[in-house]
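**Q** The primary structure of each chain is shown beneath.
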Amino acid sequence: MAERHDWQAESTPRARPPASASVINVETAPHADAADTLIRFERVTKYYGEGDKRVHVVDDVSFTARRGEFISILGPSGCGKSTMMMLTSGLIPVSSGTIEIDGTRIAEPYTDLGIVFQQDLLMDWRRVLGNILVQPEFRGLRVKDYEARARELLNLVGLAGCEDKYPFELSGGMRQRVAICRALIHNPNLLLMDEPFGALDALTRDQMNLDLQRIWYENKKTVLFVTHSIPEAVFLGDRVFVMAPAPTKIRESIEIKLPRPRDLEIRESPAFAAYIHRITQLFYQMGILRS
Amino acid sequence: MTVAEREHAVGGGRAWFRNTLDRYGTPLAIAVTLFAVWELGVRLGNVPAYLLPPPTAVFKSLVHDWKVIYLNITPTLIAIVGGFALSVVIGIPLATFIVFSRFAERILYPPMIASQAIPKIAIAPLFVVWMGFGVMPKIWIAFLIAFFPVVIDTVIGLRSVQPEMLQLGRSMGGGTLRVFLKLRLPNALPNIFGGLKVAITLAVVGAITGEFVGSQSGLGYLLTSASGQMDTALVFAVLLTISIIAMVLFMIIETVEKLVIPWHSSMRSRNVGH
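In order, the protein sequences belong to chains A and B.
For the first sequence, the residue numbers in our numbering are 1 to 291.
For the second sequence, the residue numbers in our numbering are 292 to 565.
One thing to keep in mind: the hints can contain errors.
Unchecked claim - Each computed DSS-like pair below joins lysine-lysine, with the alpha-carbon atoms no more than 27 Å apart:
(1) Lys144(A) - Lys473(B)
(2) Lys473(B) - Lys488(B)
(3) Lys473(B) - Lys165(A)
As the list claims (entries may be wrong) - Here are a few chain A residues that face chain B, going by a calculated C-beta distance under 7 Å:
(4) Phe117
(5) Leu121
(6) Asp124
(7) Gln135
As the list claims (entries may be wrong) - Now the stretches of chain B that chain A is said to cover, found in silico as 3 or more residues with beta-carbon under 8 Å:
(8) 450-464
(9) 474-488
Please keep in mind that the hints were generated in silico from the structure rather than gathered at the bench.
Note that the Cβ used here is the ideal one computed from N, Cα and C, for glycine as well.
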């Protein structure tokens with residue numbers, strides 16, 4: 001773990017590449033200056049496999065994400081959204097292009113982040129508290145120092161008193177809340193969420209959307225949130241990236257100018273409906289939806 | 292909730308009795324019926340005792356020869372436990388090698404499978420030639436038959452971890468060793484225990500087989516010498532003893548399993564039939 005931190009310290013933030021306005025797919029938010037930027041994708045392309053079996057998954061994706069921004073990545077199943085997450089985390093390498101987080105070029109697993117997958121991936125053999133503290137434990141940090149914060153987070157997600165339960169004693173929504181606590185315990189800058197509520201029932205999902213908005217609001221994290229639900233993407237996002245099918249690229253980036261905090265009723269507002277309509281039209285155009 | 296459980300909730304000795312009866316009543320009744328049929332069949336059919344002794348004769352022999360049986364339990368137990376311990380100590384690392392290296396898998400599987408196909412009774416004399424008449428050849432024969440399920444089940448367990456789980460481990464900064472010890476290994480425990488339960492019964496078979504050849508003590512030796520003297524009642528008494536030893540050892544492993552993996556579904560859903 002120590003080496004990894006050294007590696008981060010040594011790599012000095014390099015000079016910014018020339019303004020990338022000419023590159024297609026780029027969406028430069030007006031207020032995105034260098035200090036304000038957390039993530040920068042620069043013409044990122046990803047292939048799996050080699051030769052004849054080579055599969056083109058991510059095609060020339062460029063964007064920047066501001067600190068504290070909530071970005072919904074919306075696309076059909078199997079379009080390569082999850083691959084973008086894996087690339088961001090450095091768990092798989094890019095084929096070409098660069099990804100920078102906080103001025104550091106990602107060349108190996110980047111660990112100053114929390115990941116929430118569709119499956120909660122709780123460890124059946126650990127109790128709730130132990131499942132959250134596995135994060136500092138894996139990082140070689142002093143676990144004791146994180147216990148208070150773990151309890152705080154459990155409180156925040158409405159699971160106070162569940163510290164000593166085993167995962168099998170919890171419902172799907174509760175388990176995913178624990179997974180979110182685990183992703184936040186080490187106070188990372190960045191939260192990657194890969195269809196985190198995809199396996200939950202509709203009511204639980206609504207509740208989780210509200211809770212996630214609150215947690216994000218209170219913790220000021222940058223979030224990349226992969227989903228294939230249009231309302232969920234609009235409800236949560238500051239921006240929605242509408243992704244084209246594989247090889248995926250950002251078809252359009254839509255700024256969601258709905259006031260925060262948003263409540264569920266906002267989904268009935270004309271502004272909300274207009275966003276849904278626009279995105280639905282895009283999916284028709286791409287042939288993902290057919291009338 | 293079963294009747295017994297409801298009574299138990301109310302409390303009292305009667306509830307405990309009902310509970311115990313609920314649990315052990317049926318197997319006990321089956322055993323008693325079996326012995327009764329056996330006894331009746333032998334007596335009514337006038338079967339000579341050297342062919343098939345009635346259960347009463349077996350119990351009589353068990354009581355009469357308890358000392359010689361008792362004295363021969365220890366060497367057999369040492370062979371069983373020794374062989375079982377070796378199969379854990381060697382089997383689990385072997386499985387780890389196989390999981391981490393395709394090369395190790397290719398090299399290790401053929402001799403492992405061959406070792407299972409060869410009848411142990413055929414190689415027992417070889418072991419005696421190599422290791423003498425002591426306990427060692429018995430331990431190794433017990434090992435040879437018991438390690439296989441340990442390896443196979445451990446490999447399955449170590450491989451059955453979700454890929455996303457490994458990615459999570461790496462994103463948390465965990466190196467290979469930490470990911471192995473804290474993710475793969477605990478995840479494999481239910482499978483490993485499955486292998487251990489098969490292994491312990493096979494270790495009993497192995498130890499007895501080892502004692503059939505070049506041995507002056509142990510239940511396997513007692514078995515051969517009793518059948519040589521046509522003391523069929525004693526043969527059955529020893530077989531009964533061996534069965535009881537196997538059951539006790541199995542239950543010990545099960546108890547450890549319950550303590551180590553109380554979270555696993557196999558430990559939680561035991562009363563499905565109720």
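**Q** Evaluate each hint against the coordinates.
**A** Tested hints:
1. Only pairs whose Cα atoms come within 27 Å are accepted, and Lys144(A) paired with Lys473(B) is accepted, the gap being roughly 18 Å.
2. Pair hint Lys473(B) plus Lys488(B) holds up; C-alpha atoms about 23 Å apart against a cutoff of 27 Å.
3. Restraint check: the Cα-Cα separation between Lys473(B) and Lys165(A) comes to about 19 Å, which is no more than 27 Å; the hinted pair holds.
4. Because the closest C-beta pair between Phe117(A) and chain B is about 5 Å apart, less than 7 Å, the hint holds.
5. At a threshold of 7 Å, the smallest CB-CB gap from Leu121(A) to chain B is about 5 Å, leaving the interface hint in force.
6. Because the smallest distance between the Cβ of Asp124(A) and any Cβ of chain B comes to about 5 Å, under 7 Å, the interface hint for this residue holds.
7. A hinted interface residue such as Gln135(A) counts as satisfied when its beta carbon comes closer than 7 Å to some beta carbon of chain B; here the least separation is about 5 Å, so the hint holds.
8. Evaluation of the coverage hint for the stretch 450-464 of chain B: fulfilled, as 10 residues show C-beta separations to chain A shorter than 8 Å, against a requirement of three.
9. Note: the stretch 474-488 of chain B has 4 residues with beta-carbon separation from chain A under 8 Å; the three-residue rule is met and the coverage holds.
When held up to the earlier numbered hints, the structure conflicts with none and fits them all.
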